[in-house]
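*Asks:* Given chain G's structure and the hints, the job is docking chain Z onto it.
Each chain is listed here by its residues.
2 protein chains.
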Amino acid sequence: MLHVLTPEEVYALIRESFNTLENKEAVPLSESCGRVLSGPVLSGGDEPPFNRSTVDGYAVKASDTFGASESLPAILEMAGQIYMGEPARDPLPEDACIRIPTGGAVPEGANAIAMQEFTEDFEDGTIGITKPVSPGENMIFKGDDMKEGDVILPAGKRLTPKDIGALASLGISDVTVQTPLTVGIISTGDELVPESEVPGPGQIRDINSQMLGALCQSEGCRVHLCGIVKDDLDLLTDALKKALAQCDIIILSGGSSVGEKDNSVKAITRLGELLFHGVAIRPGKPTLLGKADGKPVFGLPGHPQAAFFTAKLFVCAMIDRLSGYKRETIRIPATLSRSVSANDGRELYLPVTLKEENGILTAIPLHGKSGLIATLTRADGYICIERNREGIKAGDAVNVYLF
Amino acid sequence: MLHVLTPEEVYALIRESFNTLENKEAVPLSESCGRVLSGPVLSGGDEPPFNRSTVDGYAVKASDTFGASESLPAILEMAGQIYMGEPARDPLPEDACIRIPTGGAVPEGANAIAMQEFTEDFEDGTIGITKPVSPGENMIFKGDDMKEGDVILPAGKRLTPKDIGALASLGISDVTVQTPLTVGIISTGDELVPESEVPGPGQIRDINSQMLGALCQSEGCRVHLCGIVKDDLDLLTDALKKALAQCDIIILSGGSSVGEKDNSVKAITRLGELLFHGVAIRPGKPTLLGKADGKPVFGLPGHPQAAFFTAKLFVCAMIDRLSGYKRETIRIPATLSRSVSANDGRELYLPVTLKEENGILTAIPLHGKSGLIATLTRADGYICIERNREGIKAGDAVNVYLF
Chain G
1 MLHVLTPEEV YALIRESFNT LENKEAVPLS ESCGRVLSGP VLSGGDEPPF
51 NRSTVDGYAV KASDTFGASE SLPAILEMAG QIYMGEPARD PLPEDACIRI
101 PTGGAVPEGA NAIAMQEFTE DFEDGTIGIT KPVSPGENMI FKGDDMKEGD
151 VILPAGKRLT PKDIGALASL GISDVTVQTP LTVGIISTGD ELVPESEVPG
201 PGQIRDINSQ MLGALCQSEG CRVHLCGIVK DDLDLLTDAL KKALAQCDII
251 ILSGGSSVGE KDNSVKAITR LGELLFHGVA IRPGKPTLLG KADGKPVFGL
301 PGHPQAAFFT AKLFVCAMID RLSGYKRETI RIPATLSRSV SANDGRELYL
351 PVTLKEENGI LTAIPLHGKS GLIATLTRAD GYICIERNRE GIKAGDAVNV
401 YLF
Chain Z
1 MLHVLTPEEV YALIRESFNT LENKEAVPLS ESCGRVLSGP VLSGGDEPPF
51 NRSTVDGYAV KASDTFGASE SLPAILEMAG QIYMGEPARD PLPEDACIRI
101 PTGGAVPEGA NAIAMQEFTE DFEDGTIGIT KPVSPGENMI FKGDDMKEGD
151 VILPAGKRLT PKDIGALASL GISDVTVQTP LTVGIISTGD ELVPESEVPG
201 PGQIRDINSQ MLGALCQSEG CRVHLCGIVK DDLDLLTDAL KKALAQCDII
251 ILSGGSSVGE KDNSVKAITR LGELLFHGVA IRPGKPTLLG KADGKPVFGL
301 PGHPQAAFFT AKLFVCAMID RLSGYKRETI RIPATLSRSV SANDGRELYL
351 PVTLKEENGI LTAIPLHGKS GLIATLTRAD GYICIERNRE GIKAGDAVNV
401 YLF
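Residue numbers (our numbering), protein chains in the order written: chain G, 1 to 403; chain Z, 1 to 403.
Extracted from the complex, chain G is given alone in its bound form:
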């Protein structure tokens, strides 16, 4: 029997046994989306750097417009015009307004913008304001967006298009990000043939190499697919040695159950040490992790669903650790559509589809046994049923982790 760890113990072990790699590189802003920030990004100055109008209209002193209406507009002298891309040279005189475009620099003395729609040009050098504005209306103040020294983006953030916008606003045209990790994937098993071949009797296609490769790619890693290795300790040890020379993380897929042909543990202990073998989850119990040349070597179960869940949980946690990525996971509360039993003392991970109707979100567990990969394609996310809980009843609240 395996001495099994809980998922929390596995996460702690990953943190204790491995550190974030120091490898970073500068990339142009236009190639930085999806990359992980190496350090925090601070604001270098106020943004916007001047008070800015958010509408086309007239810069005014708000109090000059109080009580204005269509029948009784506030009459202000037209004291000039601000052009886009030019500084606001002169302050706003008393009882006057200055024409300003969207994005224009608000002149000193003005504290609101009257929208063009609520003004009337009397064409005698005066403008009628037909609706009052409150102080600050239709403008953004200097530093409203960010002040000098503010942490705009923390270290370890994976850059989104919104973040790219914030970086551009800071004048950052090259970003220092973590170098992508390289993940090597070795599939093991006498029964496996490459996905391009037609399996003979008793054979199956290697699903996991491609699936785990795509998962690691979508986590920002480079992937080496090292092919299929037969259940032979020397062959596997050789393949692992080669992969260790090229990769930051190695995944052995298949061959990690207690079966007689299990060579993953032996290959790892030949080249390094075994850190754990067995996690109290379902699917995925026979997951293992070792360390060789200072690098993590996973042994994942051969069944695609089990391989997918264990990679999602533990390989991703390792990617986060080595790359310094601070993952933010939002759990989505939903209602379970049908009862699910779970009583074998392991956390149960169950793929679900989500359906929203009239503001009620329902999580529908997907039927299927470990290994059914077509089932998994329909899943929006998964739920986790704690160890020792006897199951969850239809209508009960669950938390869904989105894929």
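No lab work stands behind these hints: they were computed from the structure. Here the structure is a predicted model, which means the values were calculated and not measured. One or more hints might be untrue.
[Unchecked claim] Not close to chain Z: a few residues of chain G, all C-beta gaps over 10 Å, as computed:
{"no.": "1", "residue": "E77"}
{"no.": "2", "residue": "D232"}
{"no.": "3", "residue": "D293"}
{"no.": "4", "residue": "G345"}
[Stated by the list, open to error] Stretch by stretch, here's where chain Z covers chain G in the computed footprint (C-beta under 8 Å, at least three residues):
{"no.": "5", "region": "47 to 53"}
{"no.": "6", "region": "121 to 134"}
{"no.": "7", "region": "155 to 164"}
{"no.": "8", "region": "265 to 278"}
Ideal Cβ placement from N, Cα and C applies to all residues, glycine included.
*Replies:* Coordinates of chain Z only, in the frame set by chain G:
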């Protein structure tokens, strides 16, 4: 004043005025993650192609194990061994079991697998089964995952790692996907300087080129950043003409409000036709769409938040239309943390952060005015308040669209 459309009218106009492009290409499975399928993928045969064990143990006839217990095991003759990767040659004899590894082909006559943990090898040619198994237990039947001709993945699906696994299981090593769209982005405005430059008085950095470029990249598009064009009709027309020659979609950022220097509409009507100008949403009212050389040309507001939302809504809808991508959006029910007012007859799009505590999901509206890009980086998603609704009260239910 603009004649404004509702978002639904814009979506309908996009569907009426543009068709999905026929451009497709075959890519290796290992490079297909994130790409959009050109046609449906059908199952070419049963998966798994044979009855398969999901555990290490013994293939048995379930009824032979009924009533078995640790004190009174069911005694079965050990009739042989299935090896991984080999067919199950001989059927299961009466009152017998056959040793089988995880993933092994279940022999004819067997309808369940007794897990090794619940067996005992008496080493006299018999095996004791110490726990009954029900029919089908610990095995997957031929075709359980998919049957010949099943639609496994529909046309227009964006491929995820799980989908890649399903494709590998079907023996598909090259996938026919839509050719990526190319999006050209032209920023317009006399006040804009490239993000790498220090803005002078009255100037601001061009945020939108990089932000919109990253957004289109994350939607699977190639991006041409065409730079900043001054508010000059001839210059803009030239830039637009060049972009039309190279791109499938063109975005003009800025210059689409009713301001005096608005040249987007004029440039579009010089080279093609204007389809609409103005959408009843906030932020983003002065959005416009034209068609030139049969290609869509958007004019998006210059304010980064408005540009982001309108791109998220309308440019993404156009990308979906041209690429044939069938987007699936899950709305997440949540509780609003504080009251929000909205009463200007336009749909209000409001960025929110999400917080989950004890199974309650709270949506916290982010303070900020149109244009505040640092605010937007903290948003997990957004809510939409319908036109003519006076606002939403703290504690009310809202639906959140995740970014």
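*Asks:* Next step is simple, just say for each hint if it's right about the structure.
*Replies:* Quick rundown of the hints versus the structure:
{"no.": "1", "hint": "E77", "in the structure": "20 Å, holds"}
{"no.": "2", "hint": "D232", "in the structure": "12 Å, holds"}
{"no.": "3", "hint": "D293", "in the structure": "25 Å, holds"}
{"no.": "4", "hint": "G345", "in the structure": "13 Å, holds"}
{"no.": "5", "hint": "47 to 53", "in the structure": "holds (count 5)"}
{"no.": "6", "hint": "121 to 134", "in the structure": "violated (count 0)"}
{"no.": "7", "hint": "155 to 164", "in the structure": "holds (count 6)"}
{"no.": "8", "hint": "265 to 278", "in the structure": "violated (count 0)"}
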